[in-house]
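Novice: In order, the protein sequences belong to chains U and X. The numbers in the numbering used here rise by one with no breaks, and the one at position 166 of the first sequence is 166. The numbers in the numbering used here rise by one with no breaks, and the one at position 97 of the second sequence is 1097.
Simulated from the structure, these hints should not be mistaken for laboratory data. What you are looking at is a predicted structure, and each value in this text was computed from that prediction instead of being measured. All C-beta atoms in this analysis are idealised placements derived from N, C-alpha and C, irrespective of residue type, glycine included. Take these hints with a grain of salt, some might be off.
If the Cβ cut is set under 10 Å, some of the chain X residues that face chain U in the computed set are [to be verified]:
| no. | residue |
| --- | --- |
| 1 | THR1020 |
| 2 | GLY1024 |
| 3 | ILE1167 |
| 4 | ALA1173 |
| 5 | GLN1177 |
| 6 | LEU1179 |
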Amino acid sequence: MAHFLEIEHVSKSFGLNGSGGIHVIDDISIQVEEGEVVVFLGPSGCGKSTLMRMVGGLETPTSGRIILEGKEVTGPDRQKGMVFQSYSSFPWLKVIDNVRFGLRFRSDLASAEKDRIARHYLQMVGLAEFEDYWINRISGGMRQRVAIARTFAAGPNILLMDEPFGALDAQNREFLQLQLRDLCLKERRTVIFVTHDVEEAVFLADRIFVFSARPAKILEEIAIRDLLPPTRDLKLRESETFFKLRNRILGLTRTQALRSEQIEVKGA
Amino acid sequence: MPAGWKSLLSFRGPERRGTTLVLGFISFVIVLVLWWLAAALKFLPPQYLPSPGAVVVRLYQLFVQYGFLGDIGISIFRVWTAFLLSALMAIPLGIMMSSFPIVNGMSQSLIDFIRYLPVPALVPLTIIWLGIGESSKIALLWLGTFFQLVLLVADDARRVPREYIEIGLTTGAKPRQILRSIVLPAMLPSMVDNLRITLGWCWTYLIIAEIVAADSGIGYVIMSARRYVKTDEVMAGILAIGIIGLATDQAIRWLHRRWFVYMT
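With the sequences and hints as input, model every part of the structure.
Specialist: So this is what it looks like as C-alpha cells:
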C-alpha cells in the first residue's frame, strides 16, 4: 500500500561542482501516514530543515525522490504549507488579514467564505480579539500563532514547521506546544515539525526521527504514539514515561551535538 | 531641567519627536544668529557676506519684482518631471533585477559603468543631443538619478526576507502575485526613503543643469546674480532651494509615518 508521503533514498549536496561541496543529507528514506505528526529531531545544521524544505518543494534532492499522495514533489504549492521561525507573518497586514492571506490566491472561494475560514482559525489559536492588531504590536508567540492559523486556513495536505517556537521563551513555548498538539488532533492534518528541542519533540510527536550530525542519517525512529496518549497535557511532562523517553533521546542526541560541533570547527 | 531633557544626553537615549523638532529649530536659530553677528560686526564686506535681513529683503524683492515664483515653478517642474520619470522606470527595472538573473546579469555592470560617470561630464552630451531646452535638463537629471535609483530599488527588493517569498510560494501565489502582494509592500518603506533621498540629488543636478545653460529657474537666477556680484541675491536663491528641500523632505517623512504606521 502506498504511503501518504514517501521520502525515497533522498540525498542532498550543496555546491558539489567546486572542491568545497557539502554533503548534507545521506540516503534517507521515510514513510509518513496521513494525519501523523512527525518530528525531525537533530542538532543544528544537520540537514533536517533541508529535508523538510525538500518535502515542501523549496529545495530539490540531489538524488532520490519525494512522493506526496502518489505524485512526485517538483515545486512548492498550496498543498504544502510552511511555518517559519522568523518573518513568519507580514507586518503590513493586520492579524486577520495575515490569516486570510493563506486563502488569498484561491479563486474557488467567495470572499465571505474566506473571511469565515480566517475567523475560524484565528479563534482556534485563541487570537479572535486581536484580529485588528498590527503584527509588530503583538508578542512573538502570538505572531507564531498567527502564522499557524494562516497555514491551517490555507488547507494544505501537509504542514511543514521549521522550528516555529525556536525564538520563544520557555513558558510561551510550552503553551504553544500544547495548543499546537490540540489543533493537530482536532484537524487530523499531517504535520512535519523540525526542532532540536528534545522535550518539544516528545511532547508533540506521534513519531520522532532522530537525525545524526551532518551528513544527516536517521539514527533512530521512535514511535511516541505507542508510548504516550494522543491527548497531551502539561502534567504529562512530569510523568515517568516522558522523563525516561526524554533522557534516552537526550543520550542519543548529545553525542551527535558534539560531533556536529567538531564538524563546524573542522569546516572553519 | 525637565526630566525629558536629561535623556537627550544619555548614550543612545530615546528620541522624542517634540524635542527633536525644538532642537532642529534651535540649531537654525544659532546659525542665523552667528550669520547675523558676523554681518553686523563686518567681519567681511557686505558684497561677500550680506546680513540675513538683506537676504530676506532681496528674496522678497525677487518675488514681487522679478517674478521669482516663475523660476521656482520651472525648477520644481524640472526636478519632479525627471524624478518621476526616473522612479517610474527604476522601480520596475529594479524589481525585475532582483527577480530574474537574466535581467540582473544584463543590466548590473552596464548600470555600474554609467553610475560612476560624473553628471557634469554628461552636460556637453545632453546639450549636443537635446539642445538647451527643457529636455536636455530633464535628461541630465534623469541620467544623474535613474542609474543610482535602479540599484537602490533592486537592493530594497533583494532585502525582502526569503521567508516572505516562500510564504507566497506555499500559498499558491504565482511570481506576479508574489511581486504585487508580497515584494512590493515589504520593500515599500525603504523604497520611499530611497526615493526621498533621490529627490534631493535631483536638486543638486538641477543647479548644474541650470547654471550651464538656462534662461529660467533658480539656478539661472543664482548664476546671473553672481555675474553682477549680487551676493544677497545669490544667497536668496540658495535659501529658496534650502527651504523647498526642507519642506519636501519633511512632507515625505510625514507621509512615511502615516503610510507605514504598522512599523512602529
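Novice: It remains to establish, for every hint, whether it holds in the given structure.
Specialist: Hints, one by one, checked against the model:
1. For THR1020 (chain X), the shortest C-beta to C-beta distance to chain U is roughly 22 Å, which exceeds 10 Å, and the interface hint is violated.
2. A least Cβ separation of about 27 Å between GLY1024 (chain X) and chain U goes past the 10 Å threshold, and the interface hint is therefore violated.
3. With a cut of 10 Å, the hint placing ILE1167 (chain X) at the interface with chain U holds, because the nearest CB-to-CB distance is about 7 Å.
4. At a threshold of 10 Å, the smallest CB-CB gap from ALA1173 (chain X) to chain U is about 5 Å, leaving the interface hint in force.
5. The closest approach between the C-beta of GLN1177 (chain X) and any C-beta of chain U is roughly 6 Å, which is under the 10 Å cut-off, so the hint is satisfied.
6. For LEU1179 (chain X), the shortest C-beta to C-beta distance to chain U is roughly 13 Å, which exceeds 10 Å, and the interface hint is violated.
Hint compliance for this structure: hints 1, 2 and 6 are not met, and every other hint is.
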